[in-house]
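> Please put together the full structure from these sequences, using the hints given.
Note that the protein sequences, when read in sequence, are chains G and A. Under the working numbering, the residue at position 100 of the first sequence is numbered 100, and the numbers go up by one with no gaps. Under the working numbering, the residue at position 313 of the second sequence is numbered 313, and the numbers go up by one with no gaps.
Think of the hints as simulated: they come from the structure by calculation, not from any bench. Treat the hints loosely; a few may be bogus.
Listed below are several chain A residues computed to face chain G (Cβ distance under 7 Å; list not exhaustive) [stated by the list, open to error]:
no., residue
1, T68
2, P72
3, Y87
Built from N, CA and C at the ideal position, the CB exists for glycine as well.
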Amino acid sequence: MAAAPGRCVKRAGLWLGLALACAWSLAPFLWQLSTSLKPQAELETLPPLLPTTLTLQHYQAIFSGYPLLHLLANSALVAAGTTVLAVGFGSLAGFALAKLPVRGRTGVLAGVVVLSMLPPIATVSPLFLMLNAAGLRDTLVALILVYTGFALPLAVWLMTQFFRGIPSELYIAARVDGCSAFGALRKVMLPLALPGIAATALLTFIQSWNEFLYALSLTSSDAARTIPVAIALFPGLHEIPWGEIAAGSVVATLPVVLLAVLFQRRVLEGLTAGAVKG
Amino acid sequence: MARIALDAVSKRFDRTVVADSLSLTIADGEFFTFLGPSGCGKSTLLHMIAGIETPDAGRIRLGAIDATDLPPQKRDVAMVFQSYALYPHLSVAENLAFPLRNRRVAPDVIAAEVRRVAEVLGLGALLAQPPRQLSGGQRQRVALGRALIRRPAAFLMDEPLSNLDAALRLELRAEIKRVHATHGITTVYVTHDQEEAMVLSDRVAVLRAGRVQQCDVPAAIYLRPANVHVAQFVGSPPMNLLPASSLAQHPGAAHCLAGRGPDGFVLGLRPEQVDFHADAGADRQRAEIVLIEPTGPQTWVTGRIGEHRLRGRLATGENLAAGAAGYFTFARTALHLFDGPTGTRVES
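Here it is, written out as structure tokens:
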């Protein structure tokens, strides 16, 4: 009996902590959401209280004033292209590093970690010059290539860990049962690494979708501009359209939130199922 | 079906020697066992035969072909693992069909073969289930079936019974023996369990530190161990090894030494050939009883002679207690003589 109140306090503390963490993460987003639905007149009142009336005027304004669908499509193409390339090459490299006799495996993995620590700002101007020379400035291809380069270290690292978690006997069994190394990867290892692939894809997609620095530096028109950059360019010469920026941010955030919610289930389910030895 | 020949095969990982210029030939249709303590590199030998690892030196022949540089999928061997290694994302039927699918066998033939193997191993009711819903014994049956289905040139079995509990182990051991008897496929079996090796094998190779200590039929390995390592590893409880001087009074020992001085020799005595009595008698030597271990069918008695220990059986109808004095006896033919410094057998 003596333990019960103590446990209650512990529980309450846990919930309080979780609530604080949620509030901390959600507050900016909720503020954006409320701003995007406020009438123009209430935008600059402080503190930012709940709107008295809800309006969709900012949403109408961004969809009529900007090529928003085109910009969203750009973002989606870049993020999807990056995800496919990074997960594809990341799986191949991760499989080789985890299961094949690779000379200098530790060196390669250490190199991958070092590469992932390069500050992006240091590479902006050389990359700009290179892509310019290659005639790729202001193209989606340029963004996909650069993002893939920056996403690969994480993808290789994650996929190596996931493949390591699959018992080597399964790879050996597949080889003895008639598969080539690549066949064993395709028929046995990849299906079993699916949760890992989902997790890696999700992280890569969100990272590319949100990227700002390169998207700003390597594009110069709506042809290849992505949504975060486009929103940053909303402010005109004389005013900052807070309502439209907020509405744009909500529109830009929703797809990733949806994706995360959908995939999170799959990722978690897969992780726990994979933990039990087959 | 095929003969398997290892020709001066060497392999090492960093400082661990797995195979040290190892040569042996496994006959077509033979049940051959590599027996050795855990971590002595037996599995790596199988991996080299399967083509998963390449030897540092030496050749491996499967049937008439030199397979040393062939990839695993071209070697026509099948493997059974301690961890079963069933594909968790495939059903039992798909697991069984997997090796045939990779060889592009026609779907109706695959279906017929899956049914045949499922019937042989009693898996008919489980075909649609995923491996995770099966018991350990059922999983290993599926693994056996997956190896059996394509009638390979050779079976490679890597401690297939070690993850099973005692009763299932006996059941599947019999199953493996039956499968070998009916199909006659060359089988290379790896185990650290000497009893499994004795029960199943046509021939056994006892391994230690990358070298074959002895390679012979099970009876010969039990009756005439080539050195002290084999003597202690094969047989349960392990053979007693004593300096020849400690048994020098026994007439059997003198006969065994045949005029040689006892110094520098080791005598071996299997516990099942030593009888402990409560009373002194002719040819009985005294020992202080330190441990009594009843197992049901018989009772093991450990006695102390000077600073050495000797295990034997409690003779039928006798009664002994720890702390008392006991008197042991053995037939002179039960003695094994080994050279002390090298540990090799000396024929007396």
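> The structure should be examined with respect to each hint, and the outcome stated for every one.
Status of each hint after checking the structure:
no. : hint : verdict
1   : T68  : violated, 16 Å
2   : P72  : holds, 4 Å
3   : Y87  : holds, 6 Å
Of the numbered hints listed earlier, the single one contradicted by the structure is hint 1.
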